[in-house]
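K.L.:
Quick mapping for you: the protein sequence lines, in order, are chains S and G.
Residue 31 is where the first sequence starts when you use this note's numbering, and the numbers rise one by one after that.
Residue 2 is where the second sequence starts when you use this note's numbering, and the numbers rise one by one after that.
Rather than coming from a laboratory, the hints here were simulated on the basis of the structure.
This list has only true hints and no planted wrong ones.
No farther apart than 30 Å at their CA atoms in a straight line, the calculated lysine-lysine pairs in the DSSO-like style are these:
(1) S:LYS212 - S:LYS333
(2) G:LYS165 - S:LYS543
(3) S:LYS531 - S:LYS486
(4) G:LYS165 - S:LYS333
(5) S:LYS462 - S:LYS473
(6) S:LYS486 - S:LYS330
Chain by chain, the residues:
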Amino acid sequence: MAAPDPVEPGARVSVRRRPHTSVRRVLVDSVKHFGLRRQMRHPLMFCVFVLFLFVSLVTLYPRAFPDIAASYQAGYYVAVAIILFLTVWFANLAEAIAEAQGRAQAESLRAIRSGIRARQVLPDGALRWVPSDVLHVGDTVEVAPGEPIPMDGDVIEGVALIDESMMTGESEAVTRESGGDKTSVLGGTRVLQGTVRVRVSAARGESFLDRLIRLVEGLGREPTPSEIALSVLLAAFTVTLFVVVLSFVYLANFSGEVTVDLATIIALFVCLMPTTIGALLPAIGISGVNRVARANVIAKSGKAVEASGDLDVLILDKTGTITVGSRLAVQFVQAPDVPASELLEAALLSSTLDETPEGRSIVRLAARRSAPSRRLEPGSYKVMPFTAERRMSGLTLADGTEVFKGALSSIEAYGAPLPAPTRSAAAEAARKGMTPLAIAVNKRVVGLVILKDVVKPGIRDRIHELSTMGIRTIMCTGDNRLTAAAIAEESGVDEFVAEAKPESKLELIQREKSAGRLVAMTGDGTNDAPALARADVGLCMNSGTSAAKEAGNMVDLDNDPTKIIEVVSIGKQLLITRGALTTFSITNDVAKYFAIIPAIFLGGGAVALPGIALLNLLGFSNPYLAVLAALVFNALIIPLLIPLALAGVPFRPRSAIDLLRRNLVSYGLGGLVSAFVGIWLCYHFLAWLVREPAFATVARLVVRHLPLGGP
Amino acid sequence: MAFALQSLWDVLVLLGVVLAVAPWFGRYVGKVYLERPVAGDSLLLPLERAVYRLLGTSPRRPMRAGEYMVAVLFVNGGTFAFLFLFFLLQHALPLDPTGAPGMPWDLAFHSAASFTTNTDFTHFVNESQLSLGSAMIAWQLALFLSAATGLSVAAAMIRGFVRKDGRLGNFYVDLTRSITRILLPVAVLGALVFVALGVPETLVAAVRAHPLTGGTQTIYLGPVASFQAISLLGTNGGGYYTANAASPLANPSSASLLLGTFLMLLVPFSTPFAFGTMVRRRAEAWPFVAVIVLIVAIAVGLFVAYQAAANPLLGGIPGLGPSTNGYPVGQETRWSLPETAFFQVVSVYNNVGANSMQIGAISPIAQLVLLFGMFTQATPGGDGTGFAMLLVFTVLAIYVGGLMVGRTPEYLGKKIGTSQVRWAALALILHPALILVPFSIAVVGGWVSVGGASIGVTAHTFSSVLYEFASESANNGSALSSNAFNDTTPYFNVVGGLVMLLGRFVPIYVMLRVGGYFAGEATLPQGPGTLNTATGTFAVYLALFVVVVTALVFLPVMALGPLAQIVGVG
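If we strip away everything but chain S, and leave its shape as in the complex, we get:
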């Protein structure tokens, strides 16, 4: 029986794919969010919703509220009710769009796994086809080539080549084998070659896939501490304004200068409430996690994303993160009296069959130096592979010529003494952090090939960006001090730890944390697990072991250790977006006052007060339209800012004080100016609208046919 094929062969479903969101679904959701349970989660918008219900009630049964009847105007009340409704709906819309983006990502993930069946290995050794749903932690399954892996787990038997492209977007297949550091496999990936037995390590609903799905959908998303603190501040602000507005009603009526209309005072309150940030706060949080997911990183919590914006110290592995991961040949040094061509030929011979990256780089360099190429007939040579005892490799040709390359000490031990100038050249290279290898032909040293750890292109700039953001980088390497210092110098890291042992990272993290710093690290091996768990942000490579992945709080599906830098930016952007929109919300309020307060005095039938006229900066003459203009602006600014909330405010690494200055101008001053301009535009649009005969007719019809009472 063949395994059902859940995914079209060759189909690649990547998280990276730009999610397309269904407009209908978003609209339906935004309406569903009017539900009471959902509303209760956002007290600020719930408050607006209650006010909408109240104004609607007054509009429908004005006779039940005799105090209001004096100033009741059906058209005005209907307009206020409609705008309040729109305000809440826009907030729902923001959240629904953010969720839909996450859901689109989640659905592409879910498709991977739907209907997978697996061959379970029963205790008696027999195999049985079962749906993957029934598998538990500890169960063992066998997976043959072409079959998908049903659940996250560890390979306990066999070796396999696995296609993880549907999860990671990485087209190169990876090898997984039992024992060692490369045992972990992801549910939903597909075995290409080899049959393996896998022990299930994650229960249903707990696998990475499940976690990712839950997270990007924003379900079970706990508000982070800074989100809670901001909500508290916004709530306090709202309560304060409620006291202010409520007392204003009594005091205004008492002062005898004005009578305050109910709808107007509700409009004032809603305008002053920080509805802009209140409406967008959930969407900002959800989209932060989505942006991390789009970078192909699974964060286990929103808190981890936020913490990454706060990092002080980043511990980077040298190998794979800062350098390309292998040493490459950069230079040949001939021994005295040896022609260059002889050294090149020897180097080429010694490495032709060396498939390590070092060996290949020697061949490349030799070819570039136009080494005489020589065809090696099969059977005309004998390979002497690298062994731990000999610590050199090479070959013996048919004519008995031995060509070897290896560490200086091994070549000497083999019986080829180093001439003095060569020795000093080697020492010089070692001092610069490079690795000299000696090449010997028939126990005669012909020269050196110098290998160097090559820093990844662009890493220097990224480390510079980090230091601009105030993050200190520490490089961790097993190399000796000289090599480490050279790489540190070249890459621009602030500090390095040489001759690091597996436990060095943990010690380093503990040292930094005891100084109160927030530390991040990347890792993949099982021996990284304690350090990953101890770090504030532990980014584990997807190729790592299950233990390491469990310990870290983020997993990078692309296995790119430099991804941590991207995550830091996303975390910072998330916080900045929140702060910027809060500032925007507050400075907006200032402008709204100047629209509504004069309107209250104008509309309250008060004698013209020159002092109040001073406040009428925008020169509005119709008090009803002035209030409605402020309210319309207050509502419209929410959908206008949804793209900003979802994408995050533009962020470039700068010093903190520079960021504060720029954001204050953009969002503080910007909020003030945009509100004045926006309200002015809304006012004149409304003024034009009410003059339009067509609109007036429609409005009259609505007011007449609605069951509205009133004078």
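Could you slot chain G onto chain S? The hints should help.
P.N.:
Okay, now just chain G, sitting in the frame of chain S:
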């Protein structure tokens, strides 16, 4: 302009002197609270140790926020009870040569609350309703204790930024040292200078004079100089006379007016520097000093400009033409406008509440300027508590601003957590609530009345009631107008007393809690990624934050009161 430009120099020179003295004095104050060696130790340390032994406490026993608050309430509760009983029974107690009767209970309550809370708002006529003993013993005790309480609380809150054990210091030690090292020495010096300038200091309560115009005149005397010195230095503001610092006996000359201004400014302007010393970052004082100087300077400027501007109301009267000397009613002619305006604005902005003029008839914009100072109550505010309130504003400002630099916010290496924000937000709600709720209740309940009958009040009466509650909630003590409405009714005595007590001790609790949370946190290292607060950018941001938040909350009532009174300005 209705004043000589010459007199502007007095003001600027005085400000310069204060700014020159403040860093030095602030460092001294900081050392006092750090218990580092300072001048006078050989004389005062044994004395202080004796006090600690008497109180059964020790500097080596630092308190947590809750314990500190209990100690604050214990001392201040004792003070309150003592004052209340003293005023109630002053006719039966010694030192009542003028025969002042015992106060009614509601007035005694209001007065005791007023003096305990550093407000010194008086609902009585000093000369006839207060005995010499009440002024000299009860009130003067409160002048010291309330100022010392404020300073101690600020010191405790500041310690939160450096301590890591969750403790804020020992209240009894702070209280003692505030008096022995700061208030008493400066007050004694100040009193001596006042005496030299001609202010009375005597136990004779009153003398009878026979003026040339005939009849007799009672001139009330007493220990005026010593009272005046601590009243101004301690930002209390109570006057020995009802006319307060406008009385020629309390304030005979320009020199005594400037000395009074200096005494009011000294502690609030030094506290930021004390803060810098205590947190071991001197530069951190400057943003606060900049904010305070900026806001006070703008306030004085506006006050002077609008007081000097032509009064448009007079312009309409035929034959008069626009008045060229502004709003002279209530202004002492002995002093130039800048001098008296500087005293007046500083008095309100420092939550002193002393008066060098009758402010009932000042221009509406000038009223607005004074009200604004009481609405912020932190620029610079009263001794200790004003600066602590500015720190509370700072916590909120950094919370919002800190997010904008992409880190969860921190100040001086201490993270601003949910707890700090929650408590700081309470302080934000409390002040407007304490002003607007009692005002609204007074309105709805018909408590605002003149001569027993409720009236439809004018904008001016509106401003006066608003000013009264703002002054009480801010623990200021300044009053706009005593004849716009009758504030000596039980409603205004009892509610006013409660507003002062809540407006004092709830914020103090907030300050201690916020300090306590900071004290429980580790100090994080700072780098280029953390917000550098010792910068001009931050100072500007903090000033804008304080102004915008205050304006947002209070603009509606300002529109109903002072703004509605403006008639055709400009």
